[in-house]
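Listed here are the chains, written in short residue letters.
Protein chains: 2
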Amino acid sequence: MDDAFLEKVFNGDIRSVARAITAVENGGDGASALMKAVFPRTGRATVIGITGAPGAGKSSLVDKLAWYYKDAGEKVGIVCIDPSSPFSGGAILGDRIRMATLGLDKNVFIRSMATRGNLGGLSRATVDAVAILDAAGYSKIIVETVGVGQDEVEIVKTADVSVVVLVPGMGDDIQAIKAGIMEIGDVFVINKADREGVLRTQKELEALLSLAHRPDMWHPPIVPTVATESKGVEDLATAIDKFVGYSSRAYAEGISERKEAIARWRLLELLRERLLSDLLTKNGSEDALNKFSVKIAQKQLDPYSAVEEMLSAPPAVAGG
Amino acid sequence: MDDAFLEKVFNGDIRSVARAITAVENGGDGASALMKAVFPRTGRATVIGITGAPGAGKSSLVDKLAWYYKDAGEKVGIVCIDPSSPFSGGAILGDRIRMATLGLDKNVFIRSMATRGNLGGLSRATVDAVAILDAAGYSKIIVETVGVGQDEVEIVKTADVSVVVLVPGMGDDIQAIKAGIMEIGDVFVINKADREGVLRTQKELEALLSLAHRPDMWHPPIVPTVATESKGVEDLATAIDKFVGYSSRAYAEGISERKEAIARWRLLELLRERLLSDLLTKNGSEDALNKFSVKIAQKQLDPYSAVEEMLSAPPAVAGG
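Residue numbers (the working numbering), protein chains in the order written: chain A, 46 to 365; chain B, 46 to 365.
Be aware that one or more of the hints could be misleading.
Identical copies carry no separate label here, and so any pair may be met within one copy or between two of them.
[As the list claims (entries may be wrong)] Here are the simulated lysine-lysine pairs, DSS-like style, with alpha carbons at most 30 Å apart:
| no. | residue 1 | residue 2 |
| --- | --- | --- |
| 1 | 276 | 340 |
| 2 | 287 | 115 |
| 3 | 327 | 81 |
| 4 | 202 | 327 |
| 5 | 344 | 53 |
| 6 | 53 | 151 |
| 7 | 336 | 248 |
| 8 | 81 | 344 |
Honestly, the hints are just simulated from the structure, not real lab data.
Computed from a predicted model, the values in this text were never measured in an experiment.
Let the sequences and hints guide you as you build the complete structure.
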């Protein structure tokens with residue numbers, strides 16, 4: 046990680062930024078050295094997390110929001126977390142499609158994050174990628190999740206502002222996810238607001254929000270949008286700005302629980318990854334893992350006993 | 046974990062089964078001892094993983110499928126993974142609603158899984174809960190995800206058969222998730238098949254499936270259902286049976302990559318959790334974690350350096 050390369054990243058050289066993000070995806074020592082240099086340069090960007098069910102039109106909304114910021118003279122980074130990418134490079138295809146419409150503009154950087162190997166670390170790598178874009182001078186960074194699982198919710202919670210995208214009449218499963226999204230949304234969007242059922246969804250949401258007790262006393266606004274027609278995008282940008290202003294004033298008065306919780310989560314993610322990777326890079330560990338996997342599959346051993354053997358015995362003799 | 050308690054679990058005593066699942070949610074030594082006893086009793090149940098976007102009607106479909114199996118004289122376990130539960134007990138509310146219609150029957154056991162604390166382990170606990178239900182004599186165990194994130198996809202992949210639920214006209218995000226669901230679905234359901242656009246969705250899906258190359262040469266069937274009217278539920282059960290029969294014949298001929306991959310994933314999940322929990326239960330680690338979180342939040346230290354300090358220094362003097 047030489048200084049000339051770091052300089053290029055900090056100057057926003059697109060190829061160097063892309064290389065740096067690949068380094069944090071790969072993990073290991075390279076990622077560690079890089080992130081130590083990057084960290085002091087972060088904290089200038091506004092990080093916007095966007096989540097919501099597949100089919101809610103998040104991609105279109107993100108694209109239109111990025112356009113809006115770009116037209117306002119900002120440098121925009123988009124980081125997309127796509128659970129399909131480990132399987133078949135779906136994310137890369139998605140990137141290409143979007144680059145054709147939005148990219149090719151030097152002020153917009155789009156990247157989908159993929160896990161490499163089975164050591165995980167996607168959440169950590171995503172947060173690192175955001176830090177790199179921040180250090181590289183991107184002033185608005187949008188983190189978009191394709192899925193809405195527990196990892197994705199955690200990642201969106203690390204943003205400066207979390208936007209939850211709903212659509213009218215989401216059906217019977219909304220009941221189940223309401224409780225969760227209630228507490229991560231700083232701003233709510235009802236997209237596809239040209240469909241019927243908008244008012245009902247809005248009223249239901251308002252009723253739920255009125256019951257919520259946020260420690261920061263913020264009342265999350267509800268913004269109707271029609272992303273495909275760019276309707277409501279400016280309202281969304283305004284709502285985002287308002288919350289960022291509100292929360293930075295709150296922080297100035299000492300309410301930094303959110304930042305501390307994020308730091309703690311990052312530490313735990315990194316510890317989890319490092320501990321496992323330290324163990325697995327030990328001589329013989331990979332063999333032990335393979336041997337125990339076969340034994341468990343054949344029901345000769347349970348996973349708990351296998352883990353105890355792996356952690357107690359020197360890897361070279363384990364599973365013999 | 047006394048023998049009398051284990052005996053009750055293996056005899057399917059509902060309160061003991063519930064207590065056992067709580068023990069694996071809590072993790073630690075209790076979970077470990079329990080699971081070592083449970084593991085040899087597993088392998089009799091058919092585990093059915095069901096995933097798909099929120100709004101696809103998964104809950105209704107799962108309920109109807111459970112009814113179908115119950116009427117056929119089977120004992121049915123339902124394990125629901127709900128990302129909202131860590132926030133506000135949404136899962137528990139969901140349980141109560143479902144228990145009112147489906148539960149109260151001693152042959153149906155419903156449980157939503159929740160993370161406790163920030164050590165994670167939800168994926169591991171879910172797979173353990175399935176093993177407990179298996180050992181307790183439940184012959185069909187349905188694992189249902191509310192979210193569709195990377196963790197949820199991993200969990201569904203541990204089932205004997207994975208069912209992916211789609212709805213007609215899922216919108217612009219389906220493009221992005223297609224690649225991922227293509228490879229986890231052994232059976233596809235198009236639910237809400239009374240809506241328009243069923244044929245188009247079916248044709249798109251067939252086109253995609255014809256391009257897929259499954260190592261086991263299985264051609265995933267597409268089953269149209271209207272879960273709210275119980276239509277297509279029997280067809281779904283038949284499709285599930287067919288795949289289970291097909292894959293058990295494939296295993297008999299030595300194709301056990303799937304079982305080994307699942308065993309490997311379980312080992313890694315358990316290692317990740319154990320390593321972190323071993324570190325954090327060390328004297329002083331919690332203090333170090335808190336101190337470093339504050340330092341990172343205040344930008345005095347980067348997370349990578351903090352982790353190196355935590356892993357190299359004895360916890361009691363770290364962060365001083």
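Check your understanding: Looking back at the hints listed earlier, which ones does the structure fail to meet?
Key -> Violated hints: 1 and 7; rest satisfied.
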